[in-house]
Amino acid sequence: MTPPVTQRATAPQILSRCRDLVRPALARTVRQLHPWHGEITAFSLGWDGVDGGEIPGAQGKGVRQALAVLGAQAVGAKPQSAVLGAVAVELIHTFSLLHDDIMDGDETRRRRATAWKAYGTGPAVLAGDALFAQAVQTLADAPGPQCVRAVRLLAGTLNDLVRGQADDLLFESRPWTGPEAVQPHEYRLMAEHKTGSLLGCAAGLGAVLGGAGRTEADALTAAGRHLGVAFQCADDVLGIWGDPAVTGKPVHSDLRRRKKTYPVLAALAAAGPAATELGALLRGGGPLDDTAVRRAAELTEDAGGRAAAAAEAHRHLESARACLDSVPLAPDALDEILTLLPYVVERTV
Numbered sequence: 001m002t003p004p005v006t007q008r009a010t011a012p013q014i015l016s017r018c019r020d021l022v023r024p025a026l027a028r029t030v031r032q033l034h035p036w037h038g039e040i041t042a043f044s045l046g047w048d049g050v051d052g053g054e055i056p057g058a059q060g061k062g063v064r065q066a067l068a069v070l071g072a073q074a075v076g077a078k079p080q081s082a083v084l085g086a087v088a089v090e091l092i093h094t095f096s097l098l099h100d101d102i103m104d105g106d107e108t109r110r111r112r113a114t115a116w117k118a119y120g121t122g123p124a125v126l127a128g129d130a131l132f133a134q135a136v137q138t139l140a141d142a143p144g145p146q147c148v149r150a151v152r153l154l155a156g157t158l159n160d161l162v163r164g165q166a167d168d169l170l171f172e173s174r175p176w177t178g179p180e181a182v183q184p185h186e187y188r189l190m191a192e193h194k195t196g197s198l199l200g201c202a203a204g205l206g207a208v209l210g211g212a213g214r215t216e217a218d219a220l221t222a223a224g225r226h227l228g229v230a231f232q233c234a235d236d237v238l239g240i241w242g243d244p245a246v247t248g249k250p251v252h253s254d255l256r257r258r259k260k261t262y263p264v265l266a267a268l269a270a271a272g273p274a275a276t277e278l279g280a281l282l283r284g285g286g287p288l289d290d291t292a293v294r295r296a297a298e299l300t301e302d303a304g305g306r307a308a309a310a311a312e313a314h315r316h317l318e319s320a321r322a323c324l325d326s327v328p329l330a331p332d333a334l335d336e337i338l339t340l341l342p343y344v345v346e347r348t349v
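Here the sequence shown is numbered in the numbering used here, starting from 1 and rising by one per residue.
No lab work stands behind these hints: they were computed from the structure.
All C-beta atoms, glycine included, are put in the ideal place defined by N, C-alpha and C.
Be a bit skeptical, because a hint or two may be false.
As the list claims (entries may be wrong) - Computed beta-carbon distance windows for the label pairs:
1) Arg8 to Gly178: 45 to 53 Å
2) Arg8 to Pro328: 17 to 25 Å
3) Pro273 to Ala245: 31 to 39 Å
4) Gln32 to Ala271: 51 to 59 Å
5) Met103 to Asp243: 23 to 31 Å
6) Gln80 to Gly120: 33 to 41 Å
7) Glu301 to Arg174: 21 to 29 Å
8) Pro145 to Gly284: 55 to 63 Å
9) Ala307 to Pro35: 45 to 53 Å
10) Gly286 to Glu54: 38 to 46 Å
11) Leu338 to Gln59: 18 to 26 Å
12) Lys259 to Asp332: 33 to 41 Å
13) Gly178 to Ala133: 39 to 47 Å
Required output: the full structure, derived from the provided sequences and hints.
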């Protein structure tokens, strides 16, 4: 008798399963915070209070949590071994969003007010600081002999993350065109630090806490870093051309803020009339009105910026797959990681 064919789990099913595994430990950790910080954190996570359920559409997908869990399974460990790593990464991710929203002046995230708009700048900064400290404490208290390696990986990630954020802020003061302009390769390195480092840390922490050797942990970390660059490129496309009803952000929001993103930088680096006109438009000192923003989006696409960002994302996806292929990993977990890769990049929200 032929055995029944097992249906492969979809990316949303994988993410949901990993979130459900991590959620109790994450809730316990949030309750350990000062009540004020816990309330702000629960709000940022899209929860209806510290002990409440999730508010539909107000929480993230949990990609980093899933990478940690699957990282452990990929090296033959039980998924539970990665839970504290997943919690630490989620706390750091939330910390970074709290501070990024303040630095960028973003007033909405996931279709509702950001924490600094809801609670004030000072409370949001302080809550982020509390999450930073709690993430380190969570890993330091993890049982087993791997906690030192885990804390060291997290510390390196934090250094990369703030380095990437510093470069991102410094890019704002550089010109759009000319010898001092930000080049696509500089943006790529910034994205690896700011976004890729935490995704790499998630997968690497799962492997480390699962008892993996250096080779396997490094391969999973590298794969996550490539995925982070791909994620950032896809996010940049959404920041210009995403549907506001889906993304929760105004159309052309990144262009309106004159944010230097990969599609725009790639378009400006191209030769041709569209790139020239785009550069002249962005160099103008006044604010971009609706007509100017629409024209900037058209010129960015005409100059090849949108296609270049998509191509860059897929190049990094292939690099992530190559990292995963370089070491022996548990087939089922590897299959689920490979299922997540295109989903993260081809998402619409």
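Tested hints:
1. Arg8 to Gly178: 45 to 53 Å: About 50 Å separates the Cβ atoms of arginine 8 and glycine 178, which means 45 to 53 Å holds.
2. Arg8 to Pro328: 17 to 25 Å: For arginine 8 and proline 328 the Cβ distance comes to about 21 Å; the hint holds.
3. Pro273 to Ala245: 31 to 39 Å: For alanine 245 against proline 273, whose Cβ atoms are near 33 Å apart, the range 31 to 39 Å holds.
4. Gln32 to Ala271: 51 to 59 Å: holds, 56 Å
5. Met103 to Asp243: 23 to 31 Å: Since the Cβ atoms of methionine 103 and aspartate 243 sit about 26 Å apart, the hinted range of 23 to 31 Å holds.
6. Gln80 to Gly120: 33 to 41 Å: holds, 38 Å
7. Glu301 to Arg174: 21 to 29 Å: holds, 23 Å
8. Pro145 to Gly284: 55 to 63 Å: holds, 59 Å
9. Ala307 to Pro35: 45 to 53 Å: holds, 49 Å
10. Gly286 to Glu54: 38 to 46 Å: holds, 42 Å
11. Leu338 to Gln59: 18 to 26 Å: Given range 18 to 26 Å: holds, Cβ gap about 25 Å.
12. Lys259 to Asp332: 33 to 41 Å: holds, 40 Å
13. Gly178 to Ala133: 39 to 47 Å: The hint (39 to 47 Å, Cβ to Cβ) holds, given that glycine 178 and alanine 133 are roughly 42 Å apart.
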